[in-house]
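Asks: Based on the provided sequences and hints, a complete structural model is requested.
Order-wise, the sequence lines are chains B and Y. Be aware that the first sequence starts at 1, since it is given in the working numbering, and climbs by one per residue. Be aware that the second sequence starts at 1001, since it is given in the working numbering, and climbs by one per residue.
Treat the hints as calculated values from the structure; they're not laboratory data. Quick reminder that beta carbons are idealized off the backbone N, C-alpha and C, glycines included. It is possible that part of the hints are untrue.
Partial pick of chain Y residues on the chain B-facing surface, computed with a CB cut under 8 Å [what the hints assert, rightly or not]:
1) Tyr1028
2) Gly1043
3) Pro1044
4) Ala1086
5) Leu1089
6) Asn1101
7) Leu1102
8) Phe1104
9) Gly1105
10) Lys1106
11) Gly1107
Computed cross-link-like contacts, DSS-like style, restricted to lysine-lysine with a CA-CA straight-line distance of at most 25 Å [stated by the list, open to error]:
12) Lys1057/Y <-> Lys1109/Y
13) Lys1017/Y <-> Lys1063/Y
14) Lys1113/Y <-> Lys1055/Y
15) Lys57/B <-> Lys1003/Y
16) Lys57/B <-> Lys1106/Y
17) Lys1106/Y <-> Lys1063/Y
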Amino acid sequence: DTGVSQDPRHKITKRGQNVTFRCDPISEHNRLYWYRQTLGQGPEFLTYFQNEAQLEKSRLLSDRFSAERPKGSFSTLEIQRTEQGDSAMYLCASSPGVTSGSYNEQFFGPGTRLTVL
Amino acid sequence: SQKIEQNSEALNIQEGKTATLTCNYTNYSPAYLQWYRQDPGRGPVFLLLIRENEKEKRKERLKVTFDTTLKQSLFHITASQPADSATYLCALGRYGGSQGNLIFGKGTKLSVKP
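Replies: What follows is the structure in structure tokens.
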């Protein structure tokens, strides 16, 4: 399977704990995005990488959230001191570089569903 | 602040009919608009992209229109099938500095009855 993969698919944690999610994009894609989606809402943009550089961060991304893409391949999203309001589906997407005709098309992974008790 | 609205939360139609979904936006000047399909518990899947200088795009049974004056996109599925039942999301995008930031609507849940 050459699509975007995310791990874990489900995470249940207690309030105050730290959690880390991983995203493996499509191998030739140099852009990687993180979104958050709650029930009945569309995905909300969190942050975006081009290769290893984090180019954009939403104001939704509080200081408890940090994302990395150290070698320009996989990415991790960490949430520190989780709160119940962090419960959501966390989606990762990737897209090819600007030389590709489909560079605006984002390919999404299956998501990680986080439940904070 | 920018706002994107999809006309209804749910749309129920009979198999074989044409489904028409609406996406309206305010306080934004997108360079392009995309439509995605999302099934329960899964990530969105890209369907179509239409740029600001394009009026219409087609792909098999799908058709998208984009009117930048009305700030509206219409998404049509002709000869609908029960397998088309899903949530459909529209998303606005720009080039340049904010090119990573897609703004999504809440989606319209389409149910196609046999």
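Asks: Take the hints in turn and mark each one as holding or not.
Replies: Checked hints:
{"no.": "1", "hint": "Tyr1028", "verdict": "14 Å, violated"}
{"no.": "2", "hint": "Gly1043", "verdict": "3 Å, holds"}
{"no.": "3", "hint": "Pro1044", "verdict": "5 Å, holds"}
{"no.": "4", "hint": "Ala1086", "verdict": "14 Å, violated"}
{"no.": "5", "hint": "Leu1089", "verdict": "5 Å, holds"}
{"no.": "6", "hint": "Asn1101", "verdict": "5 Å, holds"}
{"no.": "7", "hint": "Leu1102", "verdict": "6 Å, holds"}
{"no.": "8", "hint": "Phe1104", "verdict": "3 Å, holds"}
{"no.": "9", "hint": "Gly1105", "verdict": "5 Å, holds"}
{"no.": "10", "hint": "Lys1106", "verdict": "5 Å, holds"}
{"no.": "11", "hint": "Gly1107", "verdict": "6 Å, holds"}
{"no.": "12", "hint": "Lys1057/Y <-> Lys1109/Y", "verdict": "22 Å, holds"}
{"no.": "13", "hint": "Lys1017/Y <-> Lys1063/Y", "verdict": "14 Å, holds"}
{"no.": "14", "hint": "Lys1113/Y <-> Lys1055/Y", "verdict": "30 Å, violated"}
{"no.": "15", "hint": "Lys57/B <-> Lys1003/Y", "verdict": "19 Å, holds"}
{"no.": "16", "hint": "Lys57/B <-> Lys1106/Y", "verdict": "21 Å, holds"}
{"no.": "17", "hint": "Lys1106/Y <-> Lys1063/Y", "verdict": "20 Å, holds"}
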